[in-house]
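Please build the complete structure, drawing on both the sequences and the hints.
Keeping their order, the protein sequence lines are chains A and B. Position 210 of the first sequence, counting from 1, maps to 210 under the working numbering, and the rest follow consecutively. Position 71 of the second sequence, counting from 1, maps to 71 under the working numbering, and the rest follow consecutively.
These are calculated hints, taken from the structure and not from any lab test. Glycine included, C-beta positions come from ideal geometry on N, C-alpha and C. Any given hint might turn out to be false.
Stated by the list, open to error - Some, not all, of what chain A presents toward chain B, calculated at C-beta under 8 Å:
hint	residue
1	Asp-22
2	Asp-172
3	Glu-200
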Amino acid sequence: MKAFTVENGLVAPMDRANVDTDLIIPKQFLKSIKRSGFGPNLFDELRYLDEGQPGQDCSARPINPEFPLNFPRYAGASILLARENFGCGSSREHAPWALEDYGFRCIIAPSFADIFYNNCFKNGLLPIELDVQLVDRLFGEMYASEGYQLTVDLQRQRVVTPSGEEIAFEVDAFRRHCLLEGLDDIGLTLQREDAIRAFEAQWRERSPWLFDAIR
Amino acid sequence: MSGQTLYDKLWQNHLIEARDDGSALIYIDLQLIHEVTSPQAFEGLRLAGRKPWRRDAILAVPDHNISTDSAERAAGVAAIADPVSRLQVQTLDENCADFDLVKFEMNDVRQGIVHVVGPEQGATLPGMTVVCGDSHTSTHGALGALAHGIGTSEVEHVLATQTLIQKKMKNMLVRIDGQLQPGVTAKDVALAVIGKIGTAGGTGCAIEFGGQVIRDMSMEGRMTLCNMSIEAGARAGMVAVDDTTIDYVKGRPYAPAGEMWDVAVSAWRELHSDPDAQFDTVVELAGEEIKPQVTWGTSPEMVVPVDGSVPDPAAFSDATRRAAATRALEYMGLAAGTPITDIKLDRVFIGSCTNSRIEDLRAAAAVVKGRRVADSIKQAMVVPGSGQVKKQAEAEGLDRIFIDAGLEWREPGCSMCLAMNADKLGAGEHCASTSNRNFEGRQGFGGRTHLVSPAMAAAAAVAGHFVDVRDWKEV
Ligand code: SF4
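Here's what the structure looks like:
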């Protein structure tokens with residue numbers, strides 16, 4: 001996994017509440033058996049005017065001129081500014097894969113859906129929850145100045161605005177550590193193999209019917 | 001010290017170790033696998049030279065993008081028309097063969113939607129932790145299990161370690177007292193709860209459903225309710241174990257038997273919240289007040305009773321919700337103030353892990369029996385949740401009732417719930433659907449979904465528009 005330390009980047013808007021995972025990456029693209037290549041289909045139904053198909057060359061498709069990510073001023077953005085309950089719906093990890101593949105490293109919103117929030121950290125993507133009024137203000141600043149950039153410093157847990165204002169954010173210590181170091185969860189967990197085996201042995205003793213049934 | 005909630009007990013039983021930073025390692029008893037969210041996990045496992053930790057804790061079944069058409073289905077996996085879908089199903093077959101995992105083949109009578117199959121086979125048992133790379137894993141909580149959806153990285157994590165890194169959620173109790181009116185079902189309860197607390201209302205919580213309505217509810221109904229807890233933002237929903245649960249589990253293929261059964265049952269009897277348990281949030285609804293529900297927008301919280309009308313966005317005081325409602329009405333092609341019963345339908349879908357169990361099909365069949373689907377309906381389909389459900393329904397003659405009424409009788413799978421196979425809505429078409437999500441494009445590009453119960457969907461198929469199933473007279 002790509003480590004995340006400091007991200008200085010252009011900010012783009014996804015200005016609506018309850019953006020669901022079907023909107024982030026429609027189901028036809030879930031048929032892929034790969035982890036990469038979802039970027040061109042991020043927000044597919046909003047970005048293009050036609051219905052996208054997996055494996056298609058997106059460069060020839062009609063783009064929706066009204067969708068902000070298609071505006072030249074947001075090209076190359078790496079920070080997405082969003083509204084309440086971002087990422088609700090399915091557990092598809094294709095959603096963070098698509099955001100990451102598109103080039104986003106950080107999403108700022110007043111709230112996220114649980115599974116999506118969790119999936120982000122597994123993919124080097126940092127979701128930041130900020131107060132709803134604050135997010136509203138950032139939307140205002142971003143719309144008002146073209147080329148609006150933010151600096152996100154995970155080590156210091158700060159979002160820094162162009163005026164130098166520092167906004168603190170919360171992040172779970174374990175997730176922060178893994179993201180800073182780009183650590184693979186599985187390897188870390190397997191270091192606790194003995195504890196898992198010990199638990200399993202007593203659990204089997206207590207609940208033998210949970211073992212060996214499916215074979 | 002106050003008592004423990006059901007969730008507290010399930011958590012405690014599976015806690016391997018808690019860390020200083022508030023995260024914890026918990027043990028997973030069952031992982032269900034389907035073709036869409038697993039290929040990348042198996043690939044990761046292979047790349048790291050790892051193997052599944054416990055193969056007897058895994059059950060796989062293809063469901064999401066297989067055909068529900070009998071002829072296409074009968075021809076086998078190699079005949080799946082869409083090559084991308086075919087590859088995904090084949091990849092599941094190969095992965096299960098390589099790692100020697102139990103998998104129900106596409107045409108096995110035990111095959112079906114993963115969340116219908118788990119409980120039906122007794123693979124899901126009370127007191128378990130159950131995960132699946134699918135958000136509707138919450139369904140299994142109906143058996144008194146801690147069950148939630150996970151992402152693909154976590155699928156790989158569970159395969160490799162039999163554990164999950166988790167933070168303990170908050171406890172929410174949704175209590176529905178009293179009794180439901182005739183014609184009102186678990187689906188209406190689920191939608192009414194979401195309408196009340198919103199799609200983010202349960203974020204960060206494990207919901208326990210309680211109260212007389214739940215005690216009186218069948219296992220099928222409890223599964224419908226727990227299934228939709230994710231639509232209220234909660235990863236897990238659950239119901240305490242009682243006789244209904246135990247009677248349901250008894251005799252299922254993977255359930256314990258003989259002496260082991262008695263030991264298991266005495267352990268399961270503990271699986272309820274203690275009388276003095278504290279919940280962080282309590283939401284209460286009166287059973288009598290719940291009416292049949294219909295969604296009008298593009299989020300499950302955009303819901304009203306069938307005797308209501310499409311709301312006016314201007315009536316929402318919150319700016320974000322107002323904007324969302326305005327956009328939803330535009331997408332749905334509906335005008336504010338339209339009575340729900342005036343909404344004309346193009347298609348009807350009865351199926352999905354929310355409502356494709358035998359009880360759902362019985363309820364729908366009772367409504368259409370002796371009648372005909374309206375001429376204005378282009379298609380009305382019934383997709384049983386599993387091969388077992390299909391077999392049972394056919395033994396009861398429900399298939400004939402549906403076919404005689406002009407509905408299609410399909411092979412089991414996810415089907416038009418998310419339209420990954422050929423079953424989908426055309427742009428602009430309105431669908432009465434018993435599924436769980438009315439998101440934009442969910443059932444097909446530009447498709448317009450209205451979530452309802454099976455009885456409401458069946459009545460709408462006959463009438464061509466929504467009707468209040470409470471007024472339905474049997475012929
Ligand atoms: S029926 Fe629908 S919600 Fe259920 S598992 Fe299948 S696609 Fe998901």
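Hint check, failures only
none
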